[in-house]
Amino acid sequence: MSAASDVGYNAQRQARWHYGEIAFWLIVLSCGFLFPSRYLIMTDILRLALFTMSLDLILGYAGIVSLGHAAFFGVGAYAAGLLALHGIINEPVLALIAAGLAAMVLGFATSFLVIRGVDLTRLMVTLGIALLLEALAERFSNITGGTDGLQGIEMQPIFGQIPFDMFGKAGFFYSLAVLFLLFLFARRVVHSPFGLSLRAIKNNPLRAAAIGIPVNRRLIAVYTLAAFYAGIAGALFTQTTAIASLDVFAFERSADLMLVLVIGGTGYLYGGLIGAVVFRLLQELFSTITPQYWQFWIGLVLVVIVLVGRQRLHRWVLYVPNLILRMVAGRKAVVAVPEGDA
Amino acid sequence: MTAILTNLFDGVAYGMLLFVLACGLAVTLGLMNFVNLAHGAFAMAGGYVCMVLVNRMGWPFFAALPLAFVSSAAIGIALERTLYHHLYARSHLDQVLFTIGLTFMSVAAVDYIQGSSRVFINLPAALQGQFDLFGVGIGRYRLMIIVICGLLTIALQLVLAKTRFGSRLRAAVDDPRAASGLGINVPQVFALTFAFGCGLAGLGGALSAEILGLDPYFPLKFMIYFLIVVTVGGSSSITGPFLASLLLGIGDVAGKYYVPKMGPFVIYTIMIVILIWRPNGLFGRTAAR
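Protein sequence lines correspond, in order, to chains A and B. All the letters of the first sequence, read from the start, carry residue numbers 2 to 343 under our numbering. All the letters of the second sequence, read from the start, carry residue numbers 6 to 294 under our numbering.
I should point out that these hints are in silico values taken from the structure, not numbers from a laboratory. Keep in mind that a hint or two might mislead.
Dumping the calculated DMTMM-like pairs for lysine to aspartate or glutamate here, alpha-carbon to alpha-carbon at most 25 Å [unchecked claim]:
1) B:K226 - A:D149
2) B:K226 - A:D248
3) A:K170 - A:E253
4) B:K266 - A:D248
5) B:K226 - A:E139
6) B:K261 - B:D137
7) B:K261 - A:D248
8) B:K226 - A:E253
9) A:K170 - A:E92
10) B:K226 - A:D120
11) B:K266 - A:E285
12) A:K170 - A:E155
13) B:K261 - A:E139
14) B:K261 - A:D149
15) B:K266 - A:D45
Could you put together the complete structure from these sequences and hints?
The following block contains the structure:
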C-alpha cells in the first residue's frame with residue numbers, strides 16, 4: 002500500500018461512525034425522556050456544548066487561542082433577541098440562522114485581525130474585541146437595553162407549529178436538534194481534507210505553508226465558521242431563556258468556556274459535549290457547597306488540571322474504559338485520546 | 006486651558022500608577038515569555054494588606070506601603086517557587102488557563118475574607134484635598150503618586166542600566182540560553198525579578214485603592230489595562246511600557262472627560278489598531294519568541 006492511499010485509508014477509518022458515538026447520541030436523546038423535570042439545566046448544557054464545540058474548532062483544530070469568544074455568543078444572543086423583540090423575523094429557526102450569520106459576519110471581519118501576530122497578540126485582540134462589544138452594548142442602551150438587558154421577548158412557535166412551553170421541553174428538543182445538526186456538519190468538516198489541513202497548520206504553520214496549504218485563508222475560514230457556531234449558541238440562549246443581557250459578552254464567559262473545553266479535551270468534537278456536562282455538574286456541586294464562592298473551586302479545578310497535565314489527566318480518565326476494552330475485545334484500545342497542546 | 010492641564014496632570018498620575026502596577030508583568034512576559042493573567046491578583050493582595058494595616062491596626066499610611074510591597078513580593082516568590090516555575094516550558098494555552106484559575110481563586114478568596122464591597126484606605130490629612138499652582142488644580146494624593154512612581158521609575162532604570170544584577174537580567178532577557186551558558190543563574194534571576202515585579206504590583210495596588218478603587222474584582226477589571234501596557238509598550242525594555250502607560254493614562258482620563266459616553270471604547274480601539282499595526286508593540290524591537 003502506498004503512503005498516499007495509507008493516509009486516505011486512515012483518514013476514512015477515523016471518519017467512520019463508531020458504535021460508541023451512536024450510543025452517545027442515543028443516551029443524550031433518552032435523557033430528554035428520562036428526566037422531564039430537568040429540562041432547563043439540560044438545555045443549558047446543550048447550549049454550552051454547542052458553544053464549546055465552536056471554540057474547539059478554532060482552538061483544538063486550528064490552534065488559535067481566543068480569550069474573547071463570548072463576542073460572537075453575545076452578537077448571536079442580541080441579534081436573536083432584537084429580531085424577536087421587534088418582530089422582524091418571527092420564526093425561531095430562521096431567526097436562529099440570521100443571528101448565526103450576523104455573528105459570522107463579525108467573525109469574518111475580525112478574523113483578519115486575529116490571524117496576524119503571535120499567541121499573545123491574538124489573546125489581546127480577541128479579548129479586546131469582546132470588551133469593545135460589551136462597551137458598545139452598554140453605550141447604545143436604547144437598542145440593547147443597557148444593563149437591564151432585552152426584556153419582554155416573546156418567542157413564536159417553531160415552524161409556526163411547536164410553541165415553547167414553560168417547562169422547557171420544546172426548548173430542549175429544539176436545542177438538541179440544532180446541536181446534532183451542527184455537530185454532524187462539524188464532524189464532516191473536521192474529517193474532510195480541509196479539517197486535516199487545519200491540523201497540519203496547528204502542528205506547524207510554516208511546514209503547512211511549505212506543502213502548499215493556504216494558511217491564512219484556512220484560518221479565516223475556520224474562524225468564520227466558529228463564529229457562526231458561537232452565534233447560534235448565543236441565539237439559542239436568547240430563544241430558550243427569552244432574555245439577553247450584557248453579561249453575554251463577559252470575560253468570565255470566555256474563561257469558563259476554556260475551562261469547559263479543557264475538561265472535555267481539545268481536538269476532538271466530543272470534548273466540548275463531555276466538558277459541558279462535567280462543568281455544569283461541577284458548578285452545581287460547588288454552588289451547593291459554597292453558594293457565593295463557587296468561582297474559587299472552578300479556579301482550583303483549572304489550576305489542578307494544568308499542573309497535573311491535561312494529557313495525563315485524560316489518560317487516567319480513559320484508563321478504566323481502555324482496560325475493559327482490552328479485556329472484553331482482546332485488542333488494543335481504540336478510545337480516542339485527544340491531541341496535545343494548542 | 007487649566008482644565009486641560011489638570012486633566013493632563015491626572016492622566017500622568019494615572020499612567021505612572023499603571024506603570025508601577027504593570028512593569029512586573031512586562032518582565033514576566035519579556036523574560037520568560039510567560040502569560041501571567043494573575044498579575045492583578047498580586048496588586049490586589051498588596052492593596053488589601055495596606056488596607057488592613059492602616060484601617061484595622063492603625064499603622065501610618067507611609068509605613069504600610071513598604072509592607073504592601075514586601076507581602077506581595079513574598080506571595081510572589083512563594084508561588085513562583087511552588088507553582089509558576091513548572092509552567093515556563095508549557096504552551097501559552099496552559100499558562101493562560103493556569104493564571105485565569107489563580108485569578109478566579111484570588112477573587113473568591115478575597116471576597117470570602119473581606120467581603121465584596123469596595124474598600125477605602127484612610128489617608129493622612131496631608132494627602133487629602135488639592136492646591137492651586139498657577140491656577141491649575143493639583144491633587145495632593147496624585148502629586149504624591151507622581152513623586153513616588155517617578156522615583157521608582159528612575160531607580161528601576163538605574164538598577165537595570167548600572168548594576169550587575171541589571172546586566173544579568175538584560176542578558177537573560179536577550180538570550181536565556183547564552184546567558185546561562187555564561188554562568189548566569191537564569192531561574193534565580195527570574196525568581197528575584199518576578200518577586201520584585203509582584204512587590205511593585207502590590208505597592209501599586211496599595212496606591213491605587215484611592216484612584217482605581219479596590220474590590221475583589223480588581224484583578225479581572227484591570228487585567229486588560231496591564232496587558233495593554235505590556236503589549237502596546239513591548240516587553241523588550243522598560244521605557245516602552247513606561248511610555249505606553251503614560252499614553253494609556255492620559256488617553257483614558259481625557260477620554261472619560263471629553264467623550265464620557267464612549268467609555269472605554271476609545272482605549273480598546275486604539276489598542277487593537279496598534280496591535281494590528283505593530284504586533285510586537287509600539288516600542289518592541291525583537292519578535293516575540
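Now for the hints, and whether the structure bears them out:
Restraint check for K226 (chain B) and D149 (chain A): satisfied, since their Cα atoms lie roughly 20 Å apart, inside the 25 Å limit. Only pairs whose Cα atoms come within 25 Å are accepted, and K226 (chain B) paired with D248 (chain A) is accepted, the gap being roughly 14 Å. The hinted pair formed by K170 (chain A) and E253 (chain A) fails the criterion: a straight-line CA distance of about 28 Å is larger than 25 Å. Proximity of K266 (chain B) to D248 (chain A) is assessed by CA-CA distance (about 20 Å); at most 25 Å being required, the pair is judged to hold.
The suggested pairing of K226 (chain B) with E139 (chain A) holds, with an alpha-carbon distance near 16 Å, which does not exceed 25 Å. Among the hinted pairs, K261 (chain B) with D137 (chain B) is consistent with the structure: their alpha-carbon atoms are about 23 Å apart, no more than 25 Å. The straight-line distance between the Cα atoms of K261 (chain B) and D248 (chain A) is roughly 23 Å, inside the 25 Å bound, and the hint therefore holds. Between K226 (chain B) and E253 (chain A) the alpha-carbon distance is near 11 Å, which keeps this suggested pair within the 25 Å criterion.
With a CA separation close to 18 Å, the supplied pair K170 (chain A) and E92 (chain A) stays within the 25 Å bound. Taking the CA atoms of K226 (chain B) and D120 (chain A), the gap is near 22 Å; set against the 25 Å cutoff, the hint holds. Under the criterion of a C-alpha separation no larger than 25 Å, the hint pairing K266 (chain B) with E285 (chain A) is inconsistent with the structure, at around 39 Å. Restraint check for K170 (chain A) and E155 (chain A): satisfied, since their Cα atoms lie roughly 17 Å apart, inside the 25 Å limit.
Proposed proximity of K261 (chain B) and E139 (chain A) is supported: the alpha carbons are some 15 Å apart, at most 25 Å. Of the pairs offered as hints, the one joining K261 (chain B) and D149 (chain A) holds, with about 23 Å between alpha carbons and a cut-off of 25 Å not exceeded. This hinted pair does not check out: K266 (chain B) and D45 (chain A) have alpha carbons roughly 35 Å apart, beyond 25 Å.
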